[in-house]
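Engineer: Model the placement of chain B on the given structure of chain A, informed by the hints.
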Amino acid sequence: MTTVEAAVAAEAARPARRRRGGPDRRARRIGTAIAAVLALAWTLPIVWVLIGSFNAERITSGTGFLPSDPTADNWSKLVQPDGRAVNVFVAFFNSTVVAVVATVLALVVCSMMAYALARLPFRGSAVVLAAIVLMMLVPTEVILVPLFKQFAALGLLNTYGALIIPHVVSLFGVVLLRQFIANLPVELTEAAKIDGANAWQNYRYIVLPLIRPGLATLGILVFLAAWNDFLWPLIATSTPSMQTLPLALITFRSAYGDGEYGVVMASTILAITPPLLIFLIAQRFIVEGISNTGLKG
Amino acid sequence: MTAATETTAPARKRRKGFGKVGILFAAPFLALLLFLWVVPVVNGFWVSLTDTNMAEGTGGFVGLDNYANLVTDPDFHAALGNTALFVVLNVPVLVAVGLLLAMLLNQRLSGRGAIRAAFISPYLLTGAAVAIIWQTALNPLDGNVNQVLGAIGLPEQAWLSTPGEAMGAVVLITLWWRVGFPLLVLLAALQDIPAQLYEAAKIDGANLWQRFRYITLPAIAPVLMLVVLLRLIDSFKVFEQVYLVTQGGPAGSTRVVLQMLYESGFRDFQTGYASAIGWALALIILVVTVIQLALTRRRAS
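The listed protein sequences correspond, in order, to chains A and B.
Just so we're aligned, residue 1 is where the first sequence starts under UniProt numbering, counting upward by one.
Just so we're aligned, residue 1 is where the second sequence starts under UniProt numbering, counting upward by one.
Okay, chain A solo, but in the shape it has when bound (with noise of 0.2 Å):
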């Protein structure tokens, strides 16, 4: 936290430290020439995909990198999937709900073990915080087949729930948020607690509206993952009809590459615009996500 806090404090305390004309403004214009060059070409590949789903070509760019006959057949392709196994809206639907339970799930029962570690410690919770620390250095990968099987024996494969419960469990939100928790004044649910209030309500209305930023944090991060995620999908789904859009694009790809590539760059506009606007609306949470997962260890 204190690395983000800082930084953030250093912007702030930017403009009073700016001086004015000469060299270093000539230094100022060319880094920013510099740094817009190549944030545009970082971007490119983007534009190229949403160029390419106006593109009436049925090859995958065109000519030129404007389409030389713009057109929303692709689009309506899209509406319209002509009895084509993969309906893209219904994927679109898929990871939504995936995403969104997974969220909500995942920041109810994150939030309530990370208050019982920070607060109401129980017999072993040291152990079992240690234990989390050390998990976070297993790679996903190696309980991947053992995962299938368990969720196979439930005869969960293919369903809502196989592919939303391996996101409810976040070890990194775990410590995320018992360390946001640890660092509210004791003051606060002390005071509570002498007016009557018990464990459950101190979590409830005191201890959850204070941790808002780190739910934020984890929110998105779990969002984003569920969304995503490609390998987990891959595996646990069966039939065209549980599909995320991950693994629909793919779908797509061998549907429509032949020629019709405008359609799959159409979807594949679809499949990214959520994660860019939660971005462009959450930018600040990401970042101290991210910054903070470098921090984590």
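Keep in mind the hints are simulated off the structure, nothing from the lab.
Quick reminder that beta carbons are idealized off the backbone N, C-alpha and C, glycines included.
Check before you lean on any hint, since a few could be wrong.
[Stated by the list, open to error] Here are some of the chain A residues that sit facing chain B, going by a computed Cβ distance under 10 Å:
(1) PRO45
(2) MET112
(3) MET113
(4) TYR115
(5) THR140
(6) VAL142
(7) LEU144
(8) GLN150
(9) PRO166
(10) ALA199
(11) LEU208
(12) VAL264
(13) MET265
(14) PHE279
(15) GLN283
[Stated by the list, open to error] Listing some non-contacts, in silico: residues in chain B with all C-beta distances to chain A over 10 Å:
(16) LEU70
(17) LEU154
(18) THR162
(19) ALA200
(20) THR216
Structural biologist: Only chain B this time, still in chain A's reference frame:
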């Protein structure tokens, strides 16, 4: 660590008030943790000691046979070699470019927020979208990348179908996709360095390189080492961008360990062997982590 010592003393007092209610708050998470982590980790290790085949039913205990087979399996050697090549190329490129961009963004720039957003935005995309974006752009016939190369007079390339170039393309795609992570973490570290240090060094006549070498680098060294470590761990687990862009080709030149795990476990149903591959990868990651931490510690002292 400090937070833990801060909380234990008052927390112990409060225990009298709320009793053992803590375990109730922890119960949902602990139950899921058991189901999603503890049981699969134990179970996965057990399965890796058997010749279980999911298609044919159960298998018997074979001890360390799966691991012994891995040591001599040319497929595994090839996959491990490709993964190692990816790691060796990807980690330095990603961290170096991330650091350069972070230093650029740490300057006084106009519109810095928008520029930062541009570099981070690919980090938010699903690997499937990244694969489609780049397969299209790198299409040898009419992809945008070859058009750009042609326009500035460079030879066009069949990026994804040339064995030597496909891995290079995967590394560059990964750079584009993942650079937001080192960029953000290192930018936060750079912004912690007091500006007075640079001003004092300038007065003493230190040039750009000296300021980087003697102020920037020591200040961000711990974070830099952490970024390298996290990128190392992540790079060993490379899968999506390879599987979806090149399918491991051409001629198997980009087939990585996780693709082998996926194929033997979920295409050939050799569950026991696939579990052993997973544990072998985990062991390799563990060894590399320990070595990297030891090197970091030695440098620090």
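Engineer: Per the CB criterion, is GLN283 (chain A) less than 10 Å away from chain B?
Structural biologist: 6 Å, holds
Engineer: Given a cut of 10 Å on the nearest C-beta pair, is the interface hint for PHE279 (chain A) held or broken against chain B?
Structural biologist: 5 Å, holds
Engineer: Once the shortest beta carbon distance from THR140 (chain A) to chain B is found, is it less than 10 Å?
Structural biologist: Holds. Min distance 8 Å.
Engineer: Does MET265 (chain A) hold up as a contact with chain B if the rule is Cβ-Cβ below 10 Å?
Structural biologist: 7 Å, holds
Engineer: With a cut-off of 10 Å on the beta carbons, see whether ALA199 (chain A) makes it to chain B.
Structural biologist: 4 Å, holds
Engineer: Quick one, is the PRO166 (chain A) hint okay against chain B at 10 Å, beta carbons?
Structural biologist: PRO166 (chain A) check passes; min Cβ-Cβ to chain B is 6 Å, inside 10 Å.
Engineer: Is the interface hint satisfied for LEU144 (chain A)? The criterion is a beta-carbon contact with chain B at less than 10 Å.
Structural biologist: 7 Å, holds
Engineer: Against chain A, does LEU70 (chain B) hold up as non-interface, every C-beta pair farther apart than 10 Å?
Structural biologist: Non-interface label on LEU70 (chain B) holds, nearest chain A Cβ at 14 Å vs cutoff 10 Å.
Engineer: Against chain A, does LEU154 (chain B) keep a CB gap of more than 10 Å to every residue?
Structural biologist: Label holds. Min Cβ-Cβ 15 Å, cutoff 10 Å.
Engineer: Should the hint that MET112 (chain A) touches chain B count as held when the rule is a Cβ pair under 10 Å?
Structural biologist: 4 Å, holds
Engineer: Quick check on VAL142 (chain A) please, does its C-beta sit within 10 Å of some C-beta on chain B?
Structural biologist: 4 Å, holds
Engineer: Can we keep the GLN150 (chain A) interface hint, with Cβ of chain B closer than 10 Å?
Structural biologist: 7 Å, holds
In this structure, the one hint that does not hold is number 11.
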